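Protein chains: 2
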Amino acid sequence: MKALWLENNQVALRDLPKPERPGEALIKIRKAGVCSTDLELVKGYYPYAGVLGHEFVGEVADAPDKDWIGARVAGEINAVCGACEACRNGRPTHCENRTVLGIVNRDGVFAEYTALPIENLHRVPETVPDEMAVFTEPLAAALEIQQQIQIQPTDRVLLIGAGRLGQLIAQTLALTGCDLCVLARHQLQKDLLAARGIRVISEEAIHPRKWDLVVEATGSPDGFDLARRAVRPRGTLVMKSTYKGDMTVNFSSIVVDEINIIGSRCGPFAPALRLLEKREVDPTVLIQDEFELKDAVRAMEKASQPGVLKVLLNCG
Amino acid sequence: MKALWLENNQVALRDLPKPERPGEALIKIRKAGVCSTDLELVKGYYPYAGVLGHEFVGEVADAPDKDWIGARVAGEINAVCGACEACRNGRPTHCENRTVLGIVNRDGVFAEYTALPIENLHRVPETVPDEMAVFTEPLAAALEIQQQIQIQPTDRVLLIGAGRLGQLIAQTLALTGCDLCVLARHQLQKDLLAARGIRVISEEAIHPRKWDLVVEATGSPDGFDLARRAVRPRGTLVMKSTYKGDMTVNFSSIVVDEINIIGSRCGPFAPALRLLEKREVDPTVLIQDEFELKDAVRAMEKASQPGVLKVLLNCG
Chain A
1 MKALWLENNQ VALRDLPKPE RPGEALIKIR KAGVCSTDLE LVKGYYPYAG
51 VLGHEFVGEV ADAPDKDWIG ARVAGEINAV CGACEACRNG RPTHCENRTV
101 LGIVNRDGVF AEYTALPIEN LHRVPETVPD EMAVFTEPLA AALEIQQQIQ
151 IQPTDRVLLI GAGRLGQLIA QTLALTGCDL CVLARHQLQK DLLAARGIRV
201 ISEEAIHPRK WDLVVEATGS PDGFDLARRA VRPRGTLVMK STYKGDMTVN
251 FSSIVVDEIN IIGSRCGPFA PALRLLEKRE VDPTVLIQDE FELKDAVRAM
301 EKASQPGVLK VLLNCG
Chain B
1 MKALWLENNQ VALRDLPKPE RPGEALIKIR KAGVCSTDLE LVKGYYPYAG
51 VLGHEFVGEV ADAPDKDWIG ARVAGEINAV CGACEACRNG RPTHCENRTV
101 LGIVNRDGVF AEYTALPIEN LHRVPETVPD EMAVFTEPLA AALEIQQQIQ
151 IQPTDRVLLI GAGRLGQLIA QTLALTGCDL CVLARHQLQK DLLAARGIRV
201 ISEEAIHPRK WDLVVEATGS PDGFDLARRA VRPRGTLVMK STYKGDMTVN
251 FSSIVVDEIN IIGSRCGPFA PALRLLEKRE VDPTVLIQDE FELKDAVRAM
301 EKASQPGVLK VLLNCG
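Going down the list, the protein sequences come from chains A and B. Under the working numbering, the first residue of the first sequence is numbered 1, with each subsequent residue one higher. Under the working numbering, the first residue of the second sequence is numbered 1, with each subsequent residue one higher.
Bear in mind the hints are in silico, worked out from the structure with no lab data behind them. Because the structure is a prediction, the values reported are computed rather than measured. Some hints could be false.
For chains that are exact copies, the list does not tell them apart, and a pair is met inside one copy or across any two.
[Said to hold, decoys possible] Straight-line Cα separation of at most 16 Å, EDC-like style, residue types lysine to aspartate or glutamate; simulated pairs:
| # | residue 1 | residue 2 |
| --- | --- | --- |
| 1 | K302 | D179 |
| 2 | K278 | E85 |
| 3 | K244 | E203 |
| 4 | K28 | E112 |
| 5 | K210 | E119 |
| 6 | K2 | E112 |
| 7 | K18 | D179 |
| 8 | K210 | E96 |
| 9 | K190 | E85 |
| 10 | K294 | D257 |
| 11 | K210 | E85 |
| 12 | K66 | D295 |
| 13 | K302 | E59 |
| 14 | K294 | D282 |
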């Protein structure tokens with residue numbers, strides 16, 4: 001099968017055997033999405049060699065439990081042991097022995113087929129088309145914020161960054177009724193937010209030390225400094241960006257202001273699919289281009305251009 | 001009156017007029033305690049010129065409300081406006097216009113007298129002697145941790161640092177029934193913990209990525225790195241230390257591990273006095289030396305020696 005292989009900071013299309021993982025489902029990929037994490041992996045954020053990609057919708061081609069064959073599915077990306085302390089304590093996405101689809105020791109979805117344990121799979125409701133279902137994983141990551149912290153409807157919330165993930169975070173935060181403002185860099189990002197009635201704010205208009213909650217989703221270290229200035233004493237700063245490198249922070253000011261900083265990663269799939277089914281969010285507005293799998297290298301190039309939102313791959 | 005004055009990183013005994021703050025209580029200081037923050041202020045952690053000191057027990061010498069005259073009191077250190085957004089939203093210790101006793105624009109308690117608003121005062125129960133009551137402020141700071149986060153009795157808790165504040169944190173955390181281990185540097189620190197049945201752990205024995213909650217109270221940046229290594233994914237890291245300078249942190253790992261970092265500062269006085277009254281904690285074991293106010297410079301020198309715990313000043 002064709003697949004996009006990453007090795008030594010280089011991506012290239014390769015011919016590979018279909019994945020064979022005993023006990024797991026074999027999934028024929030229909031659509032896959034390019035995520036900022038894929039681009040960071042190419043830059044070397046984390047040492048990974050293998051098939052890239054972790055956002056997908058596909059169809060189960062084979063499975064130990066035959067009921068699943070033919071099912072259209074989205075799939076959670078952490079394949080877990082079920083036995084370690086994290087798994088036994090309800091934190092499977094932090095499994096100590098996990099592999100992660102297209103990220104850690106597990107070939108991903110920029111390919112004709114992938115493999116995942118059946119417990120990772122979620123059936124996609126019939127009324128949710130592929131171009132929506134392919135966003136289940138990043139939408140779940142957006143919802144992780146609300147899984148971790150309580151957002152009060154009266155909260156003043158500042159979202160810094162309105163790219164691929166930021167747009168989904170904006171759409172989900174807006175559903176809480178909170179007083180949301182979004183700092184967006186590019187015109188398209190601003191237009192998409194405005195079209196949903198979400199308030200866009202300029203950096204100059206961000207009042208310092210006033211925001212109950214600040215979400216940092218820029219994908220760059222600059223976002224943190226702005227977030228730190230914006231959050232109020234005893235406020236919460238959620239960090240959604242992963243990138244290579246260290247940052248310098250004045251921790252005494254975090255102690256004096258009693259700031260709460262929370263890292264936030266993978267989220268729950270079932271609520272993401274519920275919101276898609278009810279059309280409470282619309283990720284399809286993010287789609288800017290689609291490529292065939294054979295043109296995956298070009299798709300990656302397109303996705304890495306500044307301001308480009310979602311690029312999809314048609315794999316099936 | 002005699003008072004210990006800080007200016008340009010130098011402390012010296014001075015003769016000053018009694019404080020006069022209309023509408024506030026005049027308090028005759030009985031005992032005061034030297035805190036790490038006092039030592040950091042001398043080093044220049046925060047630019048302050050004035051009378052040092054914020055931990056005290058005293059007697060109200062004069063007050064607008066005559067009922068308070070003669071009362072033995074401890075006093076909250078943040079004098080607040082009551083009108084700003086922080087005050088109106090139940091966060092008075094974060095008042096935007098606050099002065100802070102011996103720290104920000106308000107003369108402190110290494111003196112014969114100090115002044116504070118009456119609403120800052122807490123009557124000390126008769127059964128709590130001065131040498132206990134003088135610890136009300138740092139004990140309240142220890143309790144702030146439990147004001148901010150829920151500590152489950154099953155939590156594995158690591159406290160890094162067993163100095164002045166660390167000892168009080170250890171005593172209060174132990175009351176939750178949690179599985180507490182404390183990393184202490186000096187033999188006296190270890191002996192005091194052991195005498196209360198609190199487990200002491202060596203750095204080599206700290207299992208990485210295993211602790212539900214890690215409290216950093218070393219007063220130095222090194223403590224953070226160890227705390228970060230020790231805390232489990234989705235665990236909580238409470239930071240109690242303030243010191244001069246910045247720190248370098250890998251924030252991507254905080255995102256991937258979904259760590260919760262919380263700065264923690266001043267805490268509630270009423271529960272601190274309740275615990276003292278019921279003898280659930282015993283801060284007096286920390287007292288290593290007492291000086292008369294006229295020897296306050298020597299008291300500061302003594303307090304700055306490595307491993308020295310509490311040094312008290314007799315001011316009355």
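Against the structure, the hints:
Taking CA atoms no more than 16 Å apart as the test, K302 paired with D179 passes in neither setting, with 34 Å inside one copy and 52 Å between copies. With identical chains, the CA atoms of K278 and E85 are never at most 16 Å apart, being 36 Å at best within one copy and 38 Å at best between copies. When the C-alpha separation of K244 and E203 is checked against a cutoff of 16 Å, the pair qualifies neither within a copy, at 25 Å, nor between copies, at 29 Å. With identical chains, the CA atoms of K28 and E112 are at most 16 Å apart within one copy only, with a shortest distance of 6 Å there and 80 Å across copies.
Taking the shortest alpha-carbon separations for K210 and E119, neither the intra-copy value of 43 Å nor the inter-copy value of 26 Å comes in at or below 16 Å. In this homomeric assembly, K2 and E112 come within 16 Å of each other (Cα to Cα) only inside a single copy, at 6 Å, whereas the closest approach across copies is 82 Å. Taking the shortest Cα distances, K18 and D179 never come within 16 Å of each other, neither inside one copy (48 Å) nor across copies (49 Å). For the identical chains of this complex, K210 and E96 are inter-copy neighbours only, at 11 Å across copies versus 38 Å inside a copy, given an alpha-carbon limit of 16 Å.
For a Cα distance limit of 16 Å, the shortest separation of K190 from E85 qualifies neither inside one copy, at 43 Å, nor across copies, at 30 Å. In this assembly of identical chains, the alpha carbons of K294 and D257 never lie at most 16 Å apart, being 52 Å within a copy and 35 Å across copies at closest. With identical chains, the CA atoms of K210 and E85 are at most 16 Å apart between copies only, with a shortest distance of 9 Å across copies and 39 Å within one. Proximity of K66 to D295 under the C-alpha cut-off of 16 Å is found in neither arrangement, the shortest distances being 33 Å within a copy and 84 Å between copies.
Proximity of K302 and E59 under a CA criterion of 16 Å is satisfied in neither setting, with 26 Å inside one chain copy and 73 Å between copies. Proximity of K294 and D282 under a CA criterion of 16 Å is satisfied in neither setting, with 28 Å inside one chain copy and 72 Å between copies.
Of the numbered hints given earlier, the model fails hints 1, 2, 3, 5, 7, 9, 10, 12, 13 and 14; all others are met.
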